[in-house]
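Q: Turn these sequences into a full structure, and let the hints guide you.
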Amino acid sequence: MATDSENNGRIRRTGNDQTLHAGGSGRPIPTTRSDVLLGSARQLRIEHEGEWYVLRQTNRNKLILTK
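Take the sequence shown: its position 19, counted from the start at 1, is 19 in the UniProt record's numbering, and no numbers get skipped.
Honestly, the hints are just simulated from the structure, not real lab data. Note that this is a predicted model, so its numbers are computed, not measured. Check before you lean on any hint, since a few could be wrong.
What the hints assert, rightly or not - Derived EDC-like pairs (lysine to aspartate or glutamate); straight-line CA-CA distance at most 20 Å:
1. Lys67 <-> Glu51
2. Lys67 <-> Glu47
3. Lys62 <-> Asp35
4. Lys62 <-> Glu49
Said to hold, decoys possible - Listed next, with one range per pair, are the computed distances between beta-carbon atoms:
5. Arg60 <-> Gly26: 29 to 39 Å
6. Arg60 <-> Ser25: 32 to 42 Å
7. Ser25 <-> Asn59: 15 to 25 Å
8. Lys62 <-> Ser40: 17 to 27 Å
9. Asn59 <-> Gly26: 31 to 41 Å
10. Asn59 <-> Thr19: 30 to 40 Å
11. Leu65 <-> Ala22: 17 to 27 Å
Positions of the beta carbon are idealized from the N, C-alpha and C atoms, including for glycine.
A: Written out as structure tokens, the structure is:
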């Protein structure tokens, strides 16, 4: 996939990629790459409805979301 600089860095879909849609709503799901979220860090704190979560990249490059 290539980023589209004219489209604010969003990913331009090519090949076998498909636009994902939220179940039943027909609206596309916002999409980004993990390296855009994490940058040079290996974890990211996310606040959701007053609760804090940590998105962490493991040594095997898997993602884990914990509360």
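Q: Now tell me, hint by hint, if it's right for this structure.
A: Each hint, compared with the structure:
1. Lys67 <-> Glu51: holds (8 Å)
2. Lys67 <-> Glu47: holds (10 Å)
3. Lys62 <-> Asp35: holds (12 Å)
4. Lys62 <-> Glu49: Cα-Cα ~25 Å, so violated.
5. Arg60 <-> Gly26: 29 to 39 Å: At 35 Å between Cβs, range holds.
6. Arg60 <-> Ser25: 32 to 42 Å: holds (34 Å)
7. Ser25 <-> Asn59: 15 to 25 Å: For Asn59 against Ser25, whose Cβ atoms are near 36 Å apart, the range 15 to 25 Å is violated.
8. Lys62 <-> Ser40: 17 to 27 Å: At roughly 18 Å between Cβ atoms, Ser40 and Lys62 fall inside 17 to 27 Å, so the hint holds.
9. Asn59 <-> Gly26: 31 to 41 Å: Roughly 39 Å apart at Cβ, these two residues keep to the hinted range, so it holds.
10. Asn59 <-> Thr19: 30 to 40 Å: holds (32 Å)
11. Leu65 <-> Ala22: 17 to 27 Å: holds (18 Å)
Of the numbered hints given earlier, the model fails hints 4 and 7; all others are met.
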